[in-house]
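Visitor: Next come the chains, spelled out residue by residue.
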Amino acid sequence: MRRGHAKRKISLNALSLLMLTLLGLTIIDAAQAGSLTVGAAKVDISSTGYADGKPPARNYAHEYVYIRAIVLDNGETKAVLVGADLAGVRPEDMYQEAAATVARELGMPVANIIMSPSHTHSTYPVLENSEQVLAAIVRAVRLAAADMQPASVGFGEGEVFLNANRDVIDYETGRWTQDTNLDYPSDKTLAVMAFYDKRGAPIAGYLNYAMHPVNGFLSGFISSDFAGAASRHVEQAFGDSMITIFTQGASGDQNPLHLRTGSNVMAVASGTEVTGFELTRETVEGRLRGDVERRPNDPAADEALKRWMDAQGQVVGEEAIRVMTNMGRLSDNVRIGANQMILTCPGRDLVERVDRGYPGTYVDGDDVNIRVGFLGINEIGLAWTNAENYSLIGQQAMAEIPLAKTMVVTKSNGRPNSGYVPTDDAYGRNTFQVVRSRLKPGCAHAGIVKSVTDMAYDYIN
Amino acid sequence: MTNRTPRLPLAAVLTAVVFGSAAIAQSEQAGLRVGAARIDITGPAYRQRPTMREYAHEQLFLRAIVIDNGVTQAALLGADLGGINEDVWADASNRIAAKLDAPIANIIISPTHTHSDTPGSETPQRGTPRYGSAFVADVALQAVTEALSKLEPALVGYSSGEAHLNVNRDAVNPVTHLWTQASNLDAPSDKTVAVVSFVNPDGEPIAAYVNYAMHPVNGYLAGFRSGDFAGAMSRYVEQAFGDTMVTIFSQGASGDQNPRWIRTGTNAMASRSGADISGYEMVREDIEGPLRNREVAARNAHPEVARQLADYMQALGAILGEEVIRIMSHTDFSGAATPIWGKQMTLTCPGRRRLNSGREGMPGEYEDGDDVNIRLGVLAVGDIAIASGNAEIYSTIGQRVKKESPLAKTLFVTLANGRSNSGYIPDDESYGHQTFQVLGTRLKPGCAEAGIAAGVAELAGEYIAH
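Chains as they are written, first to last, in numbering that gives the first Met the number 0: chain A, 0 to 460; chain B, 0 to 465.
With the rest of the complex left out, here is chain B (with noise of 0.2 Å):
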């Protein structure tokens, strides 16, 4: 066989037998559909952010799937932005639940966390409203709409695979003994990328839903736009199938997690403030602090080193977009009934206020302070569980996530569906780390790892029972 996807008597066979009574309770559906749609929300260029015009990163999208199984409804969003504030996903997601008469907990928002998405992330002139924030909700609801024009009969399939890119980032430098940001290779760092990927019956893919669990730091304080790796993955993904679909990253338990390499972005950074370029690793806090704290004027970076870091960029996209082009070519794809279910819970945890400051290296001092409302999902989708949370969260969590949950196909996408307000979700045990995420958790330990966890469980648990 020349080409390997899809596999679908095997699947049906298996979605039978793991769902043999949900398929019974579904026999009244029609088959699955599915849609998917792409709108450009890159925002006009200005002086101060010049575009370079030659990488697919360089444009930002806001990514909409929508599945149909006769009975309801469910829709998946990526947006290439920083984040998406609360307020903003309340407005969409109710708006969208509107146009698809489904429950809000049916839909699962994400953004791909990107640090070089401005101007989506900052005002570019007085008065001008911040793009990526004031017309994300209609943005996504017009993506929605697009994706529902669309709707054709569908298979779905998920399937896994590795990515060696990313790396844990809490780390003690080793001159000054001090807790930092760096890379961490003894630490905990979960390599798996997860596919859910939709192909029509002919076997031509529809739309991927991708997540890896990776910070798209590279392009921070680089003084140009770009979807980093992220947006550079699914321009990859979709350009390889002539354009013809869709693929929207998603974000995993990155909270301490940062590509294994950011010595392009870092050198972007030293063009900036002017600091020497040795060609080697330079230490990114160095670099990173005078201009993050504006202690140095920025300029924008020489085109030859800007180039090096998109060029990058562009690298690391498509090393993962090949990766998960792998996992779709070996993915069992199901036309069976497909019951689509989502439900979410809110968990609170005990929260801190933090009384001294300094980013990193020295003790934290807390008092008690508001609690902490964590928002938890799972959007189920057959045998596949999407589970969500709505803050960045550290790796051991995430993983623990998926091997409590009762469905082995289980992925968890964070900064998904609002902002908590807990800022980093460490795990108990990395509490011991001064880093920035951990000292500015506004989390107490010894709450957040085993609620999420478990709540993530107890849903996916009802759903089954369900």
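Looking at chain A on its own, in the form it has when it is part of the complex (with noise of 0.2 Å):
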């Protein structure tokens, strides 16, 4: 468990210290707690992914893609947090733009908004219409605001032994590449944030895990994946009378364990002979981000993918309702404080491209900004980045915010230039994360760590 993490001491070389800066702001808080209310909404927007935005018939809750909000009041201020079944919310303006909407709608500050997605990867053709993203977003906050009821919120934790570090040796080329590795960081910690209603029924769940929702990438149709699925498993378990936000955590270097469902489509398109066992993903995979010619799915392969992506939501699911059911002490006067900066560290630049498992050679690059936030619901605290971070950045962070009480949400307000963000010691494995991120070693790890930290310590003071 990660709350058995020994603490360790961050240290931030001068240099780091130095491109520190703080651009935005204090705690822009209401010191004062108050009664809790909260509203909660879903906006579909499925259609979108279509060219004649007409999807086809669908057989699973997680072929749907949803905007989900929820906004909370303090009757002081209030904050919102915003799940999509994206990659990413992005682009960056777009991002920009839905923030300050609906923190202008709703009379709050930009810092008290969280918007972040699940990261599936089998949604892009959603993604690309951001300005239909941007309105959904709106609605979702719009609906769920004219909702608002009395509640109390608490929080718990889980486990779900599904993800796996994914930085790994080839046995049999001895170059990194991206697989299993058992024996690397994974942290399997399932955080649940919960809103009940006077009555004691969940108003919503704020859920967060680190596993990479991979599983449909370059599958051909569109899916929300496990974190999809979850959500929807959990929502339908209380009669679709709730909503419930899947967000990412630290997971850079986390995939799911099992893989080959998804190796199965990839190698049907292909071309590549599905044998049954594991294949090595890397090897279908690069075929198929390579120029092979994409041949048609196979209906039979893609059932089993959407299947297992269901399996995986439903033990997600079924985790998540087993916290909620034994959720501790609850808190129904609540006090709301949030906090976001730039963290700037030295950056860098391939000077060319290189093959996945080959050293790169950089030259200094442009500065790297990194958004980091902390938004505090009474005793239970929200670290959040705009970056892909390695799960033992988000277990340090974890273990050093003196909340018990957190969780660290990932890709979170935005995107930054960062690329992934690996821990330090990570610098020496050539996977496309660390060879292709634009930070230099020694900054994002402790910065990202010490930013959190200091936010969550200022909150409580």
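These aren't lab readings, by the way, just hints derived from the structure by calculation. Please note that a few of the clues may not be correct.
To be verified - Covered stretches of chain B, as calculated for chain A (at least 3 residues, CB under 8 Å):
| id | region |
| --- | --- |
| 1 | 239-246 |
| 2 | 278-285 |
| 3 | 324-331 |
As the list claims (entries may be wrong) - Per label pair, the in silico range of CB-to-CB distance:
| id | chain 1 | residue 1 | chain 2 | residue 2 | range |
| --- | --- | --- | --- | --- | --- |
| 4 | B | V174 | A | Q148 | 25 to 33 Å |
| 5 | A | A299 | B | N84 | 38 to 46 Å |
| 6 | A | R57 | B | Q141 | 37 to 45 Å |
Predicted, not measured: the structure shown is a model, and the values here were computed from it. Just so it is clear, CB atoms sit at the ideal spot from N, CA and C, and this is done for glycine as well.
Taking the hints as your guide, dock the two standalone chains into a single complex.
Guide: As structure tokens, then:
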């Protein structure tokens, strides 16, 4: 369990300290607690992923794509949590406009908003319609704000053993690749924040788990993957009367442990033989990422993948419901406080693109700006960054932050120019995440942990 | 390499090192041959047990794997049934042993222990035999005969992984402070998934023998027939390989192990009894008790609730099945001369007879009872020991069996080869639990835990010496 994780001193070298620039602000919070009211809503944006606007017949809940919103109000200020069945809430200017619009309409600071994607890799056609995504975000928030009711909030943790570290050395080539590594760090924590009405019925759930939704990557069909399946599983368990947002934990180096069904769909599309056994993902995926002519999907392989996404979603969902059932202390009189800042770190640029598994050569590049923030809801802390952080960064942040009830939400509130954010010790790995990261080592890892920790201390002080 | 199996050269070396003397002693053996078969034992649907006809786990199967090393043969059988009674096992194993011309100790027959195998476990109509029991011996022999007819050159391998789907179920209710059956995340639970798999020389799977410790209770009293997650897993793996192979699920030491989540099953019970469904987890015993004790009239579960449970069984089967396939994909296979050796023994322990009644949460009162006999066995295939016990055994004992076995590749199949007169077999420390398993056991504490571990170790040791 991560709570047993030994606290590690985070140190910043002098350069990094200088580069740590606080751009925005002070605590924008009302210091006083007030009675909590909460509203939640979701908007279906599936149709935007299809050229004719008409989704085909769908058998699985995860074939739908939603924007979800939870609005919190304590009478003094408000906060908004938006979840999207998308790879990212991007581009950056779309996020900026969405955040500004929501903040203006609800009369609260932008820092009180967390907009995050589930990071599904199989809804890209929807993501391309940024104007419609923007409109859906605003609409979901409006719907939620129009349905406020007295509420209490709680936080709990469970465990799900579906993820695995994905930085590994291929035993045949001797080169770094993306594949399962059971010996490297992986956080199994499923954190759940939930809001309940006065009768104890759930209004909304806010889940956090670190696992890349890459099952449907390059599958050729639209799916919100296990994350969307988990959201729908919980929502449907409660008669579709509540909203469940899935957020990504620090999953920069975390994949599903089992990728076989997704690899099989790729294999069919690339003309590779499907054996039934696990296929080496990179071999199959690489062909499809390359210039191989794509072949028609096999409906049976697609069905197996969709069923697999659904199965993973059910397990995550059942664990979320277990946590929601056994939630500890609830608060209905809450304080809301938030802060955000820009962490600036030295950047680097690859001299030339290199194949996966090979080291990069770099020159100094533009500085990298990472947006980090902290939203406190009474004794619950939501630390966030807009990047894809490695697992240990998230685990260390949670170990350092003084609030025991903390989750780290990644890929939130826009998109940095960093690429992945590896841990400092990972910089020797020639994985695509590390090689293509625009961050020089020695800054972001410690900087993110220190920034969110400082903001958490500011909040409780 | 796109396909990760098999890894033959390394495996051959390892096998020769570990079993050097055995390999020499068995040098006249022909290569290993393996055949497998699966027979549908679902039985007819009837009005009281409607079928959805949507899920693979709604079909029940009896499966057989026959292993032949040119000198002798062994058979592994698994059935999507709640249990296989002593007399049925005796009949089946005698007839199979005769068919194979092999000792009974070379045969392991076990159920998945699904709790939703109806009509296998009840009489559908007056005068109609219990389908599962009455025909198991016949079908078992039929499956072995069919598997024999499919023998083909094979390699064998063993590997293990993990599935975090199970949880200890001996817990103290936080409200009543009494012992009950509920999730206990702090108590022992073995997450190991062990897989013995067989492939042909081209690396194509012939069969897999899976061992995992988790009670298939999702469908208990749900009102529809299902092989639960165990049956779902078997079919998931089989279908992943184009239905060209057979996958047997065997139960590990699961006397105190339930699924971590049983919400959908509890909902199905609630739907049958008319209790409200909240969406949250509900206290299982509050819902199950009245239905189990027939204090409420049971109707069919609402189709939507039943479907949610069936979906969930399928999901657990998929999660476990993917881990099985992952394990198989990373298994080193050996085609070296493979000894087959089996032996059984009976462990006798002092018995007790309960004098008071009450399901759980109260102390039991006992007097001395008849001795309890527990049948133990080891079937060795090369460097793999498939240990067996004919009862429902607690996790700590199973973990101790594997730890104390002199063969690193040991799996422990429970509920196998008949049915002991023991009831559940708790580990010694668990005798303080006032759960229905502990209160109902006919075993006095202090004998079975150490006896089972020592018995299996002795048998495995004898194999190595042999």
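Visitor: Hint by hint, say whether it matches the structure.
Guide: How the hints compare with the structure:
Using a Cβ-Cβ cut-off of 8 Å, 3 residues of the region 239-246 of chain B lie near chain A, which meets the minimum of three, so the contact claim holds. For a cut-off of 8 Å, the count of residues in the region 278-285 of chain B with a CB near a CB of chain A stands at 3, and the three-residue condition holds. Evaluation of the coverage hint for the region 324-331 of chain B: fulfilled, as 5 residues show C-beta separations to chain A shorter than 8 Å, against a requirement of three. For the pair B:V174 and A:Q148, the beta carbons lie near 28 Å from each other, so the given range of 25 to 33 Å is met.
As the Cβ distance of A:A299 to B:N84 is approximately 40 Å, the hint placing it in 38 to 46 Å holds. Between A:R57 and B:Q141 the beta carbon distance is about 42 Å. The supplied range of 37 to 45 Å therefore holds.
In summary, the structure agrees with every hint in the numbered list given earlier.
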